[in-house]
Amino acid sequence: MVSAAEGSSILPLTLRGVGYSVAGRVLLDAVDLEIGPEGRTLILGANGAGKSLLLRLCHGLLQPGAGSIRWSDGPTRAGDPRHAMVFQRPILLRRSARANILHALAMIGLPAAERRQRAEETLARFGLGALAERPARVLSGGEQQRLAMARAWSLKPQVLFLDEPTSALDPAGTRAVEEMIAAFAEGGTKIVMTTHDLAQARRLADEVVFLHQGRLAERTGAAEFFDMPASAPARSFLKGELPW
Amino acid sequence: MSESNPFVAAWLLIASGDPTLAGIVALSLRVTLSALAISLVIGLPCGAFLAMSRFPGRGLLVIGCNALMGLPPVVAGLAIYLLLSRSGPLGPLGLLFTPSAMVMAQTVLILPIVLSLSRQVVEDLWEEYEEQLRSLGCSGARAIPTLLWDGRFSLITAILAGFGRASAEVGAVLIVGGNIAGHTRTITTAIALETAKGELALALGLGIILLGLTLILNGGAYLMGQYARRSAGQPW
Amino acid sequence: MVRKVAAVSLFLAVVALGASAQAQSEAGPITVASTTSTEQSGLFGAILPRFRARTGIEVKVIAQGTGQALETGRRGDSDVVFVHDPASEERFVAEGFGVRRHEVMYNDFVLIGPKADPAGVRGMTDVAAALARIAARGARFASRGDESGTHKAELRLWQAAGVDVRQTGGAWYRETGSGMGPTLNVASAGDAYTLADRGTWLSFRNRGELEILLAGDRRLLNQYGVILVHPARHPHVRARQGQAFIDWLVSPEGQKAIADFRIGGEQLFFPNAKESAS
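Going line by line, the protein sequences match chains A, B and C.
Numbers 7 to 250, taken from the working numbering, label the letters of the first sequence in order.
Numbers 21 to 256, taken from the working numbering, label the letters of the second sequence in order.
Numbers 3 to 280, taken from the working numbering, label the letters of the third sequence in order.
I should point out that these hints are in silico values taken from the structure, not numbers from a laboratory.
These figures come from a predicted structure and were not determined experimentally.
Mixed in with the good hints, there may be bad ones.
Said to hold, decoys possible - Take a look, some chain C residues computed to stay more than 12 Å from chain B by CB distance:
# : residue
1 : Q42
2 : G47
3 : R52
4 : R176
5 : V231
6 : R235
Unchecked claim - Simulated DEER-style distance windows between Cβ atoms:
#  : chain 1 : residue 1 : chain 2 : residue 2 : range
7  : B       : A42       : C       : H238      : 54 to 62 Å
8  : B       : G84       : C       : R220      : 53 to 61 Å
9  : B       : F173      : C       : D262      : 56 to 64 Å
10 : B       : R74       : A       : S27       : 17 to 25 Å
11 : B       : W31       : A       : E120      : 53 to 61 Å
12 : A       : G147      : B       : F173      : 20 to 28 Å
13 : A       : G147      : B       : R250      : 29 to 37 Å
14 : A       : R181      : B       : L49       : 23 to 31 Å
Idealized CB from N, CA, C, for every residue including glycine.
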């Protein structure tokens, strides 16, 4: 269903010496990283480590001050429908749930008839059919985030960036979003996600990218990371967070 | 008509079904709505563009538009008069003392209002939407329709403000229209004329009719907005 | 959706513009720049239908002060001027803006003032002496101050009275800078004297305490003239239709139409065209 198989893969995503600073303050420094098609990549780190910033740079919403970020076929840019992003706070348009999805589909240039069909398909796929006519902005927080996820899903991206998608949600909402993440992954969409919920990270991660003070501290398989992290910052991060 | 009570005068005017009055009201609406339509077609996208773009001199442009909201109608009228006069640059068009000239003058008056208010509305929306819209590939000119549509409830205010300024205005339409009976006489220029004739009750009666029209239009816009807002679940 | 709305608005705007541009075609009406006194008194409303019935030509009247009306003609924005200041009219023709001046009719100016008559001019027959007394008493006087025919006539009368209103004019002499009607409104509100044309006065409804205090002085004659804007100066002028209007005004039929116009049984304008051609 999801289009990872359609066309050639844009992965891997390659970051070379990526740096970003604002007003002289270095927020990211010399990040070298290659994100391949396999598994779910979780970006972890303390607040201010640069997790969200890294996602925005990868998605092309921001331009790096130094270095390069490239897909297999060229530099990244926002608006490329092959990679989508869902934000911590869902940003929905002031129109119905269905119209939000239709708008996104219009933006990727889908013909009108196909738009309607895919929107219905998407709403049905995630049990949002009953909400289709409701104004998006009066949905509950959980419903709004599910709609934002569904909107991203309707675009059939090869890669989905998720910036702390459940941090504002209750446990039920969190579970629903995690189920949707699983659906993306099953469809072949590569998941790149930040979270500060370690339990969630354990549930979802196949590999972990750990940032510390704007630098890449380590990048390890999930099992290994949670059992015996290689870097000192990751060890203290896990220790500090574990009582939770 | 020498009725001394303006409310009675207004009622008598309406009740008489006077075709002259109907013509005056129709012309007023036609001129003002045309000017409004032109201002919206130009002002909304330009306002949105101004809201989303950053370029040198943008601040000056914003200040200029805001200042033009206070442009005295007489000045706008005089400028259009000199432009359209047979001795002016657009003289050969022969548009002076026609409804078209009045539409132009009112457009000059309300375009800055539509432009400035829509810029404000879109700027706020763009701040909220920018990341999401750029992520969806909806940026630059492609974002303008999205932003205008999502700002529709606030933009109604801009539209009503524009309508109000145009329909209440007399200085500009008097100069460029000439207040010609049956051709360019609007409600406001008729009020000026009746005042000059000392027919104060009749003048006020016409004023009451104008106010009534404005009330109906505003009421309609309000109800429409309420309905649309409810169905769009707008909190504001 | 927004695109649809925009498209519809644009369409409507084009239709509106187109419809009004249509009225501009060659067979269209002629434009006459005239004075507030003729338009506001209702004269045109009474005589134009007769002219139209005779010739099929529609006349659009723009009511301005004489000064502004002549300026409108100078700029080529009207086909005919119909005003009341012979000196300015002669200059208009001499400068080549007008073809020829035709006298059409006259009425008279009247000195209006509050019934209480603080300057005591009631019963006087010499308008210059009356004005001199108003100035001497410092009684309030409302002047048009708008370069109109009435304003110019008023200034000539002050000159005859030996009063220089620019010098001696203090708080008592006020220029309204507006038409006859607004000036009468000011006079009515402030119990001031003013000079008005009889036509506007007769049709004026907000008189309050005002009434005619002096009339009949020969110097109060108010002569109207009509001039075709020169087609050599402004080629777009509808000379044929404009001349037809002038010919009709000075014809017996036009003259009779003017004489027939009355308010409350009172005749406002007195035809006195020299040529009774046609």
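Against the structure, the hints:
1. Q42: violated (5 Å)
2. G47: violated (7 Å)
3. R52: holds (15 Å)
4. R176: R176(C) clear of chain B: closest Cβ-Cβ about 17 Å, beyond 12 Å.
5. V231: violated (10 Å)
6. R235: violated (10 Å)
7. A42(B) x H238(C): 54 to 62 Å: Since A42(B) and H238(C) have Cβ atoms about 32 Å apart, the given range 54 to 62 Å is violated.
8. G84(B) x R220(C): 53 to 61 Å: Given about 58 Å between the Cβ atoms, the range holds.
9. F173(B) x D262(C): 56 to 64 Å: Since F173(B) and D262(C) have Cβ atoms about 60 Å apart, the given range 56 to 64 Å holds.
10. R74(B) x S27(A): 17 to 25 Å: Given about 21 Å between the Cβ atoms, the range holds.
11. W31(B) x E120(A): 53 to 61 Å: holds (59 Å)
12. G147(A) x F173(B): 20 to 28 Å: holds (23 Å)
13. G147(A) x R250(B): 29 to 37 Å: violated (21 Å)
14. R181(A) x L49(B): 23 to 31 Å: Hint violated: Cβ distance 58 Å, outside 23 to 31 Å.
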